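Protein sequences appear in the order of chains F and S.
Counting from 1, position 109 in the first sequence corresponds to residue 108 in numbering that gives the first Met the number 0; the numbering is continuous, with no gaps.
Counting from 1, position 283 in the second sequence corresponds to residue 282 in numbering that gives the first Met the number 0; the numbering is continuous, with no gaps.
These are computed hints drawn from the structure, not numbers from a lab.
Some hints could be false.
[Said to hold, decoys possible] Mimicking SDA-like on lysine to any residue, the simulated pairs with C-alpha atoms at most 20 Å apart in a straight line are: (1) K89(S) with K221(F); (2) K192(F) with G156(S); (3) K114(F) with K89(S); (4) K221(F) with S7(S); (5) K178(S) with K114(F).
Since we're looking at a predicted model, the values are computed, not measured.
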Amino acid sequence: MKNTLSRLLPSGRFWVISVPYLWLFLFFLLPFAIVLKISFSQAAISIPPYSPLFDYAEQSLTVMVNLGNYIFLSEDSLYLAAYLGSLKVALISTIICLLLGYPMALAIARAPREKQLVYLLLVMMPTWTAILIRVYAWMGILSTNGLLNNFLMSIGIISTPMEILNTNTAVYIGVVYAYLPFMVLPLYANLVKHDHSLLEAAMDLGAGRLKAFWKVTVPLSKTGIIAGSMLVFIPVVGEFVIPELLGGPETLMIGKILWQEFFNNRDWPVAAALAIIMLAILLIPIIFFHYNQSRAMEKNA
Amino acid sequence: MSKRPDFSTVALWAGLAFIYIPMVILVIYSFNASRLVTVWGGWSVHWYVGLLDNTQLMNAVKRSLQIAFYTACAAVALGTLAAFVMTRIKRFRGRTLFSGLVTAPLVMPEVITGLSLLLLFVAMAQLLGWPAERGIMTIWIAHTTFCTAYVAIVVSGRLGELDQSIEEAAMDLGAPPWKTFLLITVPMIAPSIAAGWLLSFTLSLDDLVLASFVSGPGATTLPMEVFSAVRLGVKPEINAIASVILLAVGLFTLLAWFLVRSADKRSRTPPPEDDEHVTWQSVINSRKS
Numbered sequence: 000m001k002n003t004l005s006r007l008l009p010s011g012r013f014w015v016i017s018v019p020y021l022w023l024f025l026f027f028l029l030p031f032a033i034v035l036k037i038s039f040s041q042a043a044i045s046i047p048p049y050s051p052l053f054d055y056a057e058q059s060l061t062v063m064v065n066l067g068n069y070i071f072l073s074e075d076s077l078y079l080a081a082y083l084g085s086l087k088v089a090l091i092s093t094i095i096c097l098l099l100g101y102p103m104a105l106a107i108a109r110a111p112r113e114k115q116l117v118y119l120l121l122v123m124m125p126t127w128t129a130i131l132i133r134v135y136a137w138m139g140i141l142s143t144n145g146l147l148n149n150f151l152m153s154i155g156i157i158s159t160p161m162e163i164l165n166t167n168t169a170v171y172i173g174v175v176y177a178y179l180p181f182m183v184l185p186l187y188a189n190l191v192k193h194d195h196s197l198l199e200a201a202m203d204l205g206a207g208r209l210k211a212f213w214k215v216t217v218p219l220s221k222t223g224i225i226a227g228s229m230l231v232f233i234p235v236v237g238e239f240v241i242p243e244l245l246g247g248p249e250t251l252m253i254g255k256i257l258w259q260e261f262f263n264n265r266d267w268p269v270a271a272a273l274a275i276i277m278l279a280i281l282l283i284p285i286i287f288f289h290y291n292q293s294r295a296m297e298k299n300a
Numbered sequence: 000m001s002k003r004p005d006f007s008t009v010a011l012w013a014g015l016a017f018i019y020i021p022m023v024i025l026v027i028y029s030f031n032a033s034r035l036v037t038v039w040g041g042w043s044v045h046w047y048v049g050l051l052d053n054t055q056l057m058n059a060v061k062r063s064l065q066i067a068f069y070t071a072c073a074a075v076a077l078g079t080l081a082a083f084v085m086t087r088i089k090r091f092r093g094r095t096l097f098s099g100l101v102t103a104p105l106v107m108p109e110v111i112t113g114l115s116l117l118l119l120f121v122a123m124a125q126l127l128g129w130p131a132e133r134g135i136m137t138i139w140i141a142h143t144t145f146c147t148a149y150v151a152i153v154v155s156g157r158l159g160e161l162d163q164s165i166e167e168a169a170m171d172l173g174a175p176p177w178k179t180f181l182l183i184t185v186p187m188i189a190p191s192i193a194a195g196w197l198l199s200f201t202l203s204l205d206d207l208v209l210a211s212f213v214s215g216p217g218a219t220t221l222p223m224e225v226f227s228a229v230r231l232g233v234k235p236e237i238n239a240i241a242s243v244i245l246l247a248v249g250l251f252t253l254l255a256w257f258l259v260r261s262a263d264k265r266s267r268t269p270p271p272e273d274d275e276h277v278t279w280q281s282v283i284n285s286r287k288s
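Required output: the full structure, derived from the provided sequences and hints.
Shown next, in the form of structure tokens:
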């Protein structure tokens with residue numbers, strides 16, 4: 000039984016592992032080391048716009064570690080507010096996505112097999128469409144003289160147009176809209192594997208529908224809940240497009256601030272320091288997500 | 000379960016309406032004759048015709064399609080290898096780091112990946128003199144890296160549920176591992192490889208943030224063009240190009256869906272007798288027997 004493909008020739012096995020490994024190492028892991036390095040250097044008017052960290056002159060290596068960027072970030076309350084703002088938006092949207100997505104995933108998982116695939120396709124399709132376009136669609140709907148305001152005024156619910164675009168409300172709508180499918184898909188993948196007889200057993204033993212749901216379905220779907228929540232929470236913390244297009248001056252999110260530092264102020268070291276802090280904040284959720292994923296994958300294999 | 004529409008079914012339909020209504024509105028308004036985007040002025044294809052005359056936009060479309068094609072091919076090759084390593088090679092040095100490198104790009108915020116790759120390219124240009132200028136090449140590398148993770152997830156799901164005894168039989172009969180992989184494993188996972196290709200193609204076509212960071216002067220992609228126009232507000236031309244993108248992605252998704260569905264059908268023969276009351280337990284039991 001052990002005579003599987005895993006017994007590759009040593010050389011073949013080496014290449015199969017090292018090609019994707021090397022690529023991901025070079026273009027995914029190594030760049031973080033460079034970001035860390037540049038976050039300790041100083042902004043300078045040169046190409047590239049930062050001072051070198053290592054200086055090799057007169058046969059001696061001088062290392063100039065400069066904590067100035069981090070001190071600068073801690074002194075300006077704008078950055079702290081942006082980090083907290085991002086975490087708040089990410090947390091609240093994750094909860095809203097979970098509350099909306101869970102019943103959707105449940106309904107798909109309980110539908111007949113042929114219909115399941117149709118529903119899945121309908122949920123999946125938007126995730127393949129540019130987030131830019133989906134967010135743009137909301138701009139026309141939410142603007143002051145947009146369709147939503149026109150509609151609400153024509154049926155007489157409101158008399159003056161509401162201001163929704165360029166507020167935090169619009170950001171929440173956009174984030175939930177864009178990330179809902181990422182919540183539904185892992186939840187569905189988990190819920191569809193559930194053994195229905197467990198639920199029936201709970202109900203036979205006298206549990207109500209609601210109690211059976213709480214005591215059987217929800218605990219069994221823990222892996223799916225974690226995967227979905229992390230797939231929403233982590234990217235939303237660094238989200239740029241949605242706060243930029245739907246948010247207003249009151250919207251402080253770190254992805255937007257990082258973008259402005261980089262592209263508008265051209266302060267690469269500060270942008271790098273912002274990225275490093277964001278990474279440090281997200282490290283625990285990312286490890287959690289990874290642990291959760293690899294456990295699910297091993298169960299599969 | 001009872002047949003009356005329960006809460007979750009209602010939630011599903013409400014959720015789908017929430018997802019699709021904004022897109023439908025966008026497409027309808029792209030046919031609006033009026034320049035005022037919120038006032039309906041009758042049907043017209045005026046804005047679509049205007050797109051073709053916009054050479055800057057058309058160049059960006061060409062560039063984006065080119066990058067997406069190269070990305071999809073490279074990501075499929077790398078992602079399939081990565082999936083194979085993760086599901087078939089249980090033990091090697093650095094396996095934990097490897098699987099971390101495969102799953103992390105899925106959730107890493109794009110601003111971080113984009114910034115870090117740009118700084119890598121700048122450092123490489125200083126040290127090695129390559130890449131001398133940023134453009135299609137650097138965008139391709141950035142897209143390939145994050146699409147590889149998606150392909151690896153899609154393909155490893157399929158590899159995990161394959162019946163390994165066929166591969167074992169081929170090896171027992173003397174086929175070398177590479178031949179077994181190409182002649183036995185690849186045909187069996189072909190639908191998910193194709194789905195991974197299509198997924199990478201659309202992900203690359205859609206990406207704004209990574210491309211903005213790693214692109215150089217002059218090399219703008221379609222999302223970058225759309226973004227710089229959208230920043231100034233809603234415009235009918237943008238409605239038209241957005242609708243074209245929606246249509247293209249919709250067709251691609253349908254294609255990927257058919258691929259996955261045909262694979263799904265093939266893997267579950269003979270079908271369970273009563274399709275209406277098929278439970279997962281019975282599917283699992285029928286597979287075991």
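These are the hints, each one checked on the structure:
Restraint check: the Cα-Cα separation between K89(S) and K221(F) comes to about 26 Å, which exceeds 20 Å; the hinted pair is violated. Of the supplied pair hints, the one linking K192(F) and G156(S) holds, its CA atoms being roughly 14 Å apart against a limit of 20 Å. The suggested pairing of K114(F) with K89(S) is violated, with an alpha-carbon distance near 36 Å, which exceeds 20 Å. Annotation: proposed proximity of K221(F) to S7(S) holds, straight-line Cα distance about 18 Å (limit 20 Å).
At most 20 Å may separate the alpha-carbon atoms for a hinted pair to count; K178(S) and K114(F) exceed this at roughly 38 Å.
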